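> Sequence:
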Amino acid sequence: MELKVENLTKDFGDFTAVNHLSLTMTSGVYGLLGINGAGKTTLMRMLCTLLKPSEGQITCNGEDIFKLDADYRKLLGYLPQDFGFYPEFTVQDYLLYIATLKGIKSSVAKKRVKQLIAQVGLSKVANRKMKKLSGGMKRRAGIAQAMLNNPKILILDEPTAGLDPNERIRFRNLLSELSENRLVLLSTHIVSDVEYIANEILLMKDGRLICRGTSEELINSMTENVWRCSVEKRQVPSVLKTYKVSNVKSEAHGAEMRIISKSKPFAGAILEEANLEDVFLYYFGEKAGDGNAAI
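Just so you know, we're using our numbering here: the sequence shown kicks off at 1 and counts up by one.
Be careful, since some hints might not be right.
[Unchecked claim] If you anchor each label on the Cβ, the simulated ranges turn out as follows:
hint, residue 1, residue 2, range
1, 206, 127, 40 to 48 Å
2, 134, 251, 36 to 44 Å
3, 267, 9, 45 to 53 Å
4, 114, 13, 40 to 48 Å
5, 169, 127, 21 to 29 Å
6, 135, 50, 21 to 29 Å
7, 234, 20, 43 to 51 Å
8, 165, 216, 18 to 26 Å
9, 101, 228, 52 to 60 Å
[Said to hold, decoys possible] 16 Å max Cα-Cα, derived EDC-like pairs, lysine to aspartate or glutamate:
hint, residue 1, residue 2
10, 152, 195
11, 244, 256
12, 152, 177
13, 262, 273
14, 74, 88
15, 52, 11
16, 132, 93
17, 262, 224
18, 244, 224
19, 102, 71
20, 262, 272
21, 138, 88
22, 233, 217
23, 52, 69
24, 124, 82
Derived by calculation from the structure, the hints in this document are not laboratory data.
Remember, it's a predicted structure, so these values are computed and weren't measured experimentally.
Positions of the beta carbon are idealized from the N, C-alpha and C atoms, including for glycine.
Assemble the whole structure, with the sequences as input and the hints as a guide.
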């Protein structure tokens, strides 16, 4: 399976959401990482044929996805940021309904729905109405609907947005389980969502891919160092203005700060090993987290 993007551009009037982007993906998990307005959702909607590009082409195994039309969508599973559902439907009825829309035979659909409900951990609430589910359960139901046609390409847009830490971990484990022999593209603004499950991480900013690689490769791509140092309380505002600071921990007489800088910021600063959170700050100029939900 090969999904190839060539010179892809999407304009909305005078605004360019995706800017001459090229990318080739095969089987494996790809984490698309970026902040608010990076163009991640626009890219994903084009990959799902929901938007047509202004320029460029997307091909699946060498064929244009818009010409493939329904044949391409048979290969595709998609979970948008906000997926629609009928609140009065039970989980089981909702999935059977979606299976019908996808043209799956009734006998096949019943077996598939039962299997997926168990796989995503919703067996105990299979007959509960969708409106009664927690946020995490709804997202798991969303994954199940995306998997109904056993897709070769699974595209997930901010699947863990708004979930608590336990649900986020559960979701990541589920994605790892579902990723075998598939191409999975997962967009997020939360580093931990992709750090442990993505074979390759794609950094997107202002509609362009600015860097890609494994966690180790991205860390090695930084040309600045990470330092840990303690400063007085009165110095904290000045340090925050002067440096990229990935963490501030209050102490009795000041604060311990994690700073990204080419040179040693203070005499007592200690060199630290960089991590993917530092990479995010280095490339995007701000910290990763729920405050940077993508559009």
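> Each hint needs a verdict: does it hold in this structure or not?
Here's how the hints hold up against the structure:
For residue 206 and residue 127, the Cβ-Cβ distance of about 46 Å falls inside the hinted range of 40 to 48 Å, so the restraint holds. Restraint check, residue 134 to residue 251: a C-beta distance of roughly 37 Å satisfies the suggested window 36 to 44 Å. Look at residue 267 against residue 9: about 49 Å separates their beta carbons, and that is inside 45 to 53 Å. Checked against the hint of 40 to 48 Å, the C-beta distance between residue 114 and residue 13 comes to roughly 47 Å, which is consistent with it.
Between residue 169 and residue 127 the Cβ separation comes to about 26 Å, which falls inside the hinted range of 21 to 29 Å. Remark: the range hint 21 to 29 Å for residue 135 to residue 50 is upheld by a beta-carbon distance near 24 Å. In this structure the supplied range 43 to 51 Å holds for residue 234 paired with residue 20, their Cβ-Cβ distance being about 47 Å. Checked against the given bound of 18 to 26 Å, the beta carbons of residue 165 and residue 216, roughly 25 Å apart, stay inside it.
Against the hinted window of 52 to 60 Å, the Cβ-Cβ separation of residue 101 and residue 228 comes to about 53 Å, which satisfies the hint. Only pairs whose Cα atoms come within 16 Å are accepted, and residue 152 paired with residue 195 is rejected, the gap being roughly 22 Å. In summary, the hint linking residue 244 to residue 256 is supported, as the alpha carbons are separated by about 14 Å, within the 16 Å threshold. Under the criterion of a C-alpha separation no larger than 16 Å, the hint pairing residue 152 with residue 177 is consistent with the structure, at around 14 Å.
Annotation: proposed proximity of residue 262 to residue 273 holds, straight-line Cα distance about 14 Å (limit 16 Å). In summary, the hint linking residue 74 to residue 88 is not supported, as the alpha carbons are separated by about 28 Å, beyond the 16 Å threshold. This hinted pair checks out: residue 52 and residue 11 have alpha carbons roughly 10 Å apart, not beyond 16 Å. Using a Cα cut-off of 16 Å, the hinted pair residue 132 and residue 93 holds, with the two alpha carbons roughly 14 Å apart.
Proximity of residue 262 to residue 224 is assessed by CA-CA distance (about 4 Å); at most 16 Å being required, the pair is judged to hold. About 11 Å separates the Cα atoms of residue 244 and residue 224, which keeps this hinted pair within 16 Å; it holds. For the given pair, residue 102 sits about 12 Å from residue 71 by alpha-carbon distance, which is consistent with the 16 Å threshold. Distance restraint check for residue 262 and residue 272: the Cα-Cα separation of roughly 13 Å lies within the 16 Å cut-off, and the hinted pair is therefore satisfied.
Proximity of residue 138 to residue 88 is assessed by CA-CA distance (about 13 Å); at most 16 Å being required, the pair is judged to hold. Proposed proximity of residue 233 and residue 217 is contradicted: the alpha carbons are some 36 Å apart, above 16 Å. With a CA separation close to 12 Å, the supplied pair residue 52 and residue 69 stays within the 16 Å bound. At most 16 Å may separate the alpha-carbon atoms for a hinted pair to count; residue 124 and residue 82 exceed this at roughly 24 Å.
Hints 10, 14, 22 and 24, counting from the list given before, are not met by this structure.
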